[in-house]
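J.: Sequence lines, in order, name chains A and B. With numbering that gives the first Met the number 0, letter number 190 in the first sequence gets 189, and the count goes up by one each step, no holes. With numbering that gives the first Met the number 0, letter number 16 in the second sequence gets 15, and the count goes up by one each step, no holes.
Since the hints were made in silico from the structure, they are not lab data. A few of these clues could be false.
[To be verified] From the structure, some residues in chain A lie toward chain B, with a derived Cβ separation under 10 Å:
no., residue
1, GLY100
2, LYS101
3, ALA169
4, GLY180
5, THR184
6, PRO297
[Claimed, not checked] Output of the computed footprint for chain B on chain A, the stretches with three or more beta carbons under 8 Å from beta carbons of chain B:
no., stretch
7, 304-313
8, 340-348
Virtual Cβ for every residue (Gly too), placed ideally from N, Cα, C.
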Amino acid sequence: MKQQRPLTISGGRIVTREGVREGTVRLVDGRIDEICGQPHENDEVIDAGGRLVTPGLVDLGVFAVDKPAFHFGGITRAALMPDQSPPLDLPSRISYIAKSGKPDFWVHPLAAATRGINGREIAELALMREAGARGVATGRQWIADSGVMLRLLQYAAMLDMTVIAHAEDAALVGAAVATAGEVATRRGLPCAPAHAEAIAISRDIALAEMAAARIHFRQVTTKAGLDIVRGAKARGARVTCGVTPAHFMLSDLATVDFRTFARLSPPLRSEEDRHAVREAIRDGTIDVIASGHDPRGPEDKRLPFSDAEPGMAGAETLLAMTLSLVRDEVIDLVKAFELIAMAPARILGVEAGAIAAGLEADIAIIDPEKPWIIQSAKMEAAAGNTPFDGQPTQGRVSALYKGGVLIDL
Amino acid sequence: MSAPLASTKGVVSMTSTENSPHAARYPAGALAFPHRDLIGIGHLERHEILFLLDEAEQWVTLNRQATKHENLLSGMTVINAFFENSTRTLLSFEIAGKRLGADVVNMHAAQSSVKKGETLIDTAITLNAMRADAIVIRHGSSGATQLIADKVDCPVLNAGDGQHEHPTQALLDALALRHSLRERGEMAEDFTGLTIVICGDILHSRVARSNLLCLQALGATVRLCAPPALVPMGIEAMGAEVFHDFDAALAGADVAMMLRLQTERMSGQFIPSAREYHHLYGLTKKRLGKAAKTALVMHPGPMNRGVEIDSEVADMIDRSIITRQVEMGVAMRMAALDILTRRARGVNGWGEAE
Chain A
0 MKQQRPLTIS GGRIVTREGV REGTVRLVDG RIDEICGQPH ENDEVIDAGG
50 RLVTPGLVDL GVFAVDKPAF HFGGITRAAL MPDQSPPLDL PSRISYIAKS
100 GKPDFWVHPL AAATRGINGR EIAELALMRE AGARGVATGR QWIADSGVML
150 RLLQYAAMLD MTVIAHAEDA ALVGAAVATA GEVATRRGLP CAPAHAEAIA
200 ISRDIALAEM AAARIHFRQV TTKAGLDIVR GAKARGARVT CGVTPAHFML
250 SDLATVDFRT FARLSPPLRS EEDRHAVREA IRDGTIDVIA SGHDPRGPED
300 KRLPFSDAEP GMAGAETLLA MTLSLVRDEV IDLVKAFELI AMAPARILGV
350 EAGAIAAGLE ADIAIIDPEK PWIIQSAKME AAAGNTPFDG QPTQGRVSAL
400 YKGGVLIDL
Chain B
0 MSAPLASTKG VVSMTSTENS PHAARYPAGA LAFPHRDLIG IGHLERHEIL
50 FLLDEAEQWV TLNRQATKHE NLLSGMTVIN AFFENSTRTL LSFEIAGKRL
100 GADVVNMHAA QSSVKKGETL IDTAITLNAM RADAIVIRHG SSGATQLIAD
150 KVDCPVLNAG DGQHEHPTQA LLDALALRHS LRERGEMAED FTGLTIVICG
200 DILHSRVARS NLLCLQALGA TVRLCAPPAL VPMGIEAMGA EVFHDFDAAL
250 AGADVAMMLR LQTERMSGQF IPSAREYHHL YGLTKKRLGK AAKTALVMHP
300 GPMNRGVEID SEVADMIDRS IITRQVEMGV AMRMAALDIL TRRARGVNGW
350 GEAE
């Protein structure tokens with residue numbers, strides 16, 4: 000459905016790149032027309048009542064198209080990881096998925112870097128780009144063969160596509176489900192050293208610099224890994240990285256009672272690493288916060304910890320958890336939306352993710368203080384596997400527009 | 000509340016702690032052991048461990064008689080659900096249940112419906128629906144026993160979950176050690192002042208974790224000895240001293256507890272060869288000489304003679320208590336089954352019968 004009639008949102012506090020300002024936002028024909036103008040005649044006028052008017056969230060790296068959960072969380076676009084069944088390694092699959100959410104939700108498929116996500120043969124990246132792929136992803140695994148990774152990065156650089164990598168050295172990780180340390184030792188969980196991440200990042204950055212490619216690490220979760228990214232950025236490497244709220248909210252202490260909702264990939268880390276992640280968000284080393292949305296039902300989660308599938312349903316809690324960083328004074332409001340909208344939109348190369356004239360009219364109206372309790376049993380997502388079950392939090396979306404059209408929440 | 004099943008005879012037949020010699024030392028009734036399940040040593044207090052050990056003594060006595068049968072658990076069903084292959088532990092639990100008069104059923108889940116895709120929870124619900132009075136579980140994944148315990152209505156005993164815990168093994172080791180010390184005239188109830196070396200594949204061993212917790216709770220100093228790759232990271236935080244040199248670890252030790260290499264759990268190569276492992280970590284008679292003069296030798300079995308332990312050490316009559324560990328295993332498991340079913344049996348002070 001196209002936007003039929005111009006819409007002016009007034010009385011809100013608008014989160015723009017330059018700062019938070021009071022005024023109006025006018026949406027015409029699915030695009031942002033102007034900011035802080037006057038409503039025109041015949042405009043539909045909505046009063047935001049002092050709430051925040053923000054860009055719709057852009058979620059970089061999810062594992063399922065789960066529209067109700069994304070809409071609940073204020074997410075209007077998501078980049079879908081190629082780890083689907085069947086994997087997104089053919090142009091036909093990309094083009095099917097790219098249309099699957101429209102009109103009220105846009106899915107940006109990420110092309111599988113290798114056929115069958117096997118880490119060996121490079122997939123048809125150019126054809127998949129043509130079919131709508133917005134990036135290349137290695138999937139939820141590392142490409143162990145350095146020769147393949149170098150050729151992939153060179154090829155992606157030629158096509159001007161960002162490679163989204165998973166940073167865990169596969170040989171060190173093996174069948175591990177936890178980070179080596181006191182908790183994993185006490186609980187007898189198969190574990191791998193946290194440095195498996197730093198080792199993978201070091202290699203991938205070296206290869207990316209050789210290939211002059213853009214690389215984005217979907218999740219960097221350890222102090223050692225973040226230090227390497229920080230250093231690479233300082234010398235001008237084209238590297239960005241992200242994290243999910245689990246790794247700045249929780250540490251491996253959340254796994255002491257074998258709760259499989261806290262079984263993630265990469266696994267939860269130590270408290271020290273958790274603090275390092277918060278510091279990296281504060282100093283700008285981390286560019287993106289994503290939900291990693293991966294709803295998993297009881298058949299995948301009601302199992303012993305090491306037999307359960309990794310992943311969390313994160314779409315509904317992404318906004319509230321990011322706003323908690325604002326309340327904790329780690330970041331300010333503009334930076335929060337930089338992390339969950341502007342930067343991911345930039346990495347995907349889409350004309351959205353910010354409130355600026357000419358961009359797509361993906362707008363959320365947010366009550367940043369509204370209290371609510373995260374309840375696994377009452378989620379919109381396809382499954383309620385949240386590690387934040389029972390936690391009180393603040394910040395909810397009260398209205399969401401995709402291309403200027405109001406979405407039923 | 001009816002009296003405990005009173006039709007029994009002799010000193011070994013008490014059904015509650017009230018008339019046992021150690022009764023006065025523990026809180027009355029269920030307060031002595033306020034747990035429904037036996038999942039891990041980590042959940043137990045020192046006095047609860049001592050209570051279990053003291054309760055097991057009566058079954059040691061019974062097991063040494065010609066007629067070793069009680070009707071304490073008569074009419075009750077005990078299911079041994081073993082999701083991992085086991086011979087010794089399964090046999091020990093089966094004998095323990097039968098000597099107490101329970102109907103014991105063994106479920107070899109390693110080759111049953113679990114392979115057909117049934118989830119662990121569904122299996123647990125199935126066992127529960129069959130109205131078991133106690134379920135003994137061994138599973139290859141850490142935390143699996145607790146997962147089942149949360150879904151069933153009867154007591155659950157952990158017979159080993161992944162690399163997490165194997166509580167009855169640690170308890171029987173403590174019982175065997177205490178018996179041996181008492182035979183020498185050392186009458187202390189715990190192991191305060193003793194230095195105990197656990198040597199072998201610590202990384203993959205639930206026995207090592209349970210023993211570390213149990214022996215420390217009973218006052219011992221525990222040294223762990225293994226090559227670095229077989230020592231789990233952060234184990235020092237559990238209070239152990241870590242050694243890589245077996246001779247240094249043995250120096251002055253009172254007990255050497257040897258573990259086998261769990262090659263079935265290893266992904267990749269941890270040890271160049273069995274011969275080389277024996278060279279560094281095999282308990283030989285010469286090496287045992289580094290320990291205290293009367294140091295005892297333990298092994299939870301199964302032993303790989305010539306790898307982690309030499310035959311002549313394993314068979315030393317005055318020093319090796321390996322067969323005694325097996326003997327104590329039955330008594331310890333009888334005590335655990337007795338205590339955990341007291342509530343359902345309506346034993347005085349242990350809560351209502353159903």
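J.: Look at each hint and say if it fits the structure.
T.: Against the structure, the hints come out as follows:
no.: 1; hint: GLY100; in the structure: violated, 32 Å
no.: 2; hint: LYS101; in the structure: violated, 37 Å
no.: 3; hint: ALA169; in the structure: violated, 12 Å
no.: 4; hint: GLY180; in the structure: holds, 5 Å
no.: 5; hint: THR184; in the structure: holds, 4 Å
no.: 6; hint: PRO297; in the structure: holds, 8 Å
no.: 7; hint: 304-313; in the structure: holds (count 3)
no.: 8; hint: 340-348; in the structure: violated (count 0)
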